[in-house]
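Sequence order for the protein chains is A and B. According to our numbering, the stretch in the first sequence is residues 1 to 169, in order. According to our numbering, the stretch in the second sequence is residues 1001 to 1299, in order.
Rather than coming from a laboratory, the hints here were simulated on the basis of the structure. Where a beta carbon is used, it is the ideal one built from N, C-alpha and C, also for glycine. Hints should not be assumed to be uniformly reliable.
With the Cβ distance kept under 8 Å, some of the chain B side facing chain A (calculated, not the full set) [to be verified]:
| hint | residue |
| --- | --- |
| 1 | Val1044 |
| 2 | Leu1050 |
| 3 | Trp1056 |
| 4 | Lys1060 |
| 5 | Gln1110 |
| 6 | Asn1113 |
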Amino acid sequence: MSLNKLTIEFVINGRKRKVETTPSTRLLDLIRDNLCLTGTKEGCGKGECGACTVIMNNELVASCLVLAPQANGAEITTIEGVGRGKNLDPIQEAFMETGAIQCGFCTPGMVLAAKKLLQENPQPSIEEIKRGISGNLCRCTGYQKIIEAINLAAKRLSQQAKRREDADE
Amino acid sequence: MENTPRNTLISKYFAPQEIKEALELLSEYGEEIKIIAGGTDLLVQYYDRLYEIAGWLDLKNLAELKKISILEPYMSIGAMVTHTQLEKSPDIKKHFPILSQAAAEIGSPQIRNRGTLGGNIVNASPAGDLLSPLIAYGAKFELLSLNEKTVVSSEQFFIGPKKTVLRTDQLLTRIILPWPGQNCYSSWIKVGRRRALAISTIALAMVVKMTEDNRIIQEVKVCLSSVAPTPLEIKEVREEMRGKSFNQLNFDKLGQIVEDKTLPIDDIRGTKEYRKEVAKRITIHCLEEIYNCWRRKCL
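This is chain B alone, in the form it adopts within the complex (with noise of 0.2 Å):
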């Protein structure tokens, strides 16, 4: 390895203690090295060619990167943190009760145990479970690189299938959730093949926020993934729905809208009509679902 010019990689494998450390690699390397988390995208995308990676960068010792912490006025949760820590965490469960169930939902136990909320943020798949929940809460993700920080928004983060704003000398390590109030109201539903190990068909995350009285609609948010290039929002449907109290929408027209926004495609999971189609009835679902919970608080 000594004559290997700097800047070139050989098969290469880091497991730094130290953030700074790991910002320090990229910086050096740059697009050579691939960074791994819990593996379960990355190992599954390069199955047949492994080889073809020159460096690992391991994030497994940086022990920041696996907490969840509650920092007024938001929560941090470390991108490290995995699908199990999400679905288990009581903390994300009573605020952010969507992102627990949608982790919950996603692969299996093996899957659960490994795979990371950063991982499935950076792989950006169209389906990617956990982003339609993260934009509906209104996450931002913290990204470090050797010389500075950034703050992006989830909204802004996905440009295209498996593609996001991420540099390759920048790393994902905080995704930040604002705190959802007191009367927030929110509901997921993922559509697949089967219960286990299914990539989405579609998926929707609904998250309503009520005025400090509970009566009035403030703020709305809904988001599928599955259905376009990059999980969508359904900025019409918050419209539609803003100023309003529940009993003056009309839930038909709704998921109308949801149905006449959507860019899905055709592909092995579903075709095109049916995930319109879908995509009505589960927009539907979830207002009923958010209706009752509210008319249960407000009983």
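Extracted from the complex, chain A is given alone in its bound form (with noise of 0.2 Å):
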């Protein structure tokens, strides 16, 4: 079968892209084979394990369950656009200190979960980051130190904005 070939323009990671893909390619695997982006993960590609979870346009999905076409006009940040090399987000550098880390595979969608979830709900309860990151399977940590790592990253997210806060008074 022929392939009919499409261009789909996006920005992702703060970067404008322009690609050529087909019309049945996951987004996972535009973001994976196309652009070289292999922080995002393919873990069950069903939904389940949240292993491919990007932002798009301001909204956490399974970049597994999204065609690519559907990301036209889109913006999307993957891990590799969370933190500039060596500079790392708040958020990873809990999961570090807290050895929320063991295999790693779960982590970059962990991560952009537990971003998302801050940047809608800074000063979650325990209750409420389980539940911001249940699309997110983890079989190494048993997830208590992935929990401990979110909580720490919201302390020190809102003592800095209370610092930014205080400054600018």
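Hints given; two lone chains; assemble the complex.
Following this line, the structure appears as structure tokens:
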């Protein structure tokens, strides 16, 4: 079967990209294979594990359940867009400090889920943290350290925000 | 593509801006084209055979289908409204609380952000979480084709597991919910293996409407998922409850009616016996919840 190519445009990690793809390519494959951003992982491929999580148009989505053309015109953040080089995001730092990473396969998705959660709800309760990462499976940590990490990041981020506010006054 | 005959698709993707354009595509390509909304069911179903899909009709640009609007005497919800929107909408929370609650319990944040009400309906899974609340609230579905507009009641829409009356040239555009009125009480319970990403083992939606003086039961709908080929309304409970006051009801007996009338199967999520037993228990639980809510309002 000949495949009908089409060109889509979107902004990924702040960079505008124009890519040729096919109608039935998944956003996940486009990100990994065409853009070589391999921080986004494929776990189950069926939206159950969250390893392929990205932020699209300011929403947490499973990139294995999005067709590439559906992302035409979208704004996407992958793990490569969180922190820059050695300049880590406070969430990433907290993950390292609390030992929330073991094999690391779920980590990109977890960090993005945490990032989205803290954007919407800067001071979540433990229950809210659990709900925020309920679409992401981790088979190593038992979740406890991930929850601690997000809690720690939330505390630090709100302290930072408070310091900024004080400095402004 | 120039030599391709009309009505044949070779891996094409359409994302029309207007509903009319979508209807034209449906009338031209019919069965060949797959309508995609959130994709959270479709891409799972076609996980290892996406190449089989000849054409995609993406509804993402149809802004009209993403609206929740209050139109006296009903509420209109666009088919592209996501589960997250249903969960967060203050109007839905206030007037149709168990629809909002059921949406909040679907899948995971990632699924709720993409999955849509219309998708949940046309997918017509016997375990579809929003279907029981929709039937319990007396929802109607607006189906458009190029030549006609049809409105079908939610009770008549589902005809089997993953089967509905929707034709291939029709598009589900809106869900119409009649106002529940002042004295309406509702309760919802989903039983699954775990809280997130669980397909319901069994779920129950119950809506009770009282007379104007809030004393006599006027209308009742008890509807279950995952106990029959389609979402199932237990009409016998309605007959038993209508015209009575809460104090005249025997909750155990009502639970027994539900247990007797369900037609579950054994599957990986639970056995037939388990589902029947749980059907009874959750019926009693929902009745108690509604009763307590009613009593608080009476005091």
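Original post:
What hint numbers does the structure not satisfy?
Top reply: Nothing - there is no hint that the structure violates, so all of them hold.
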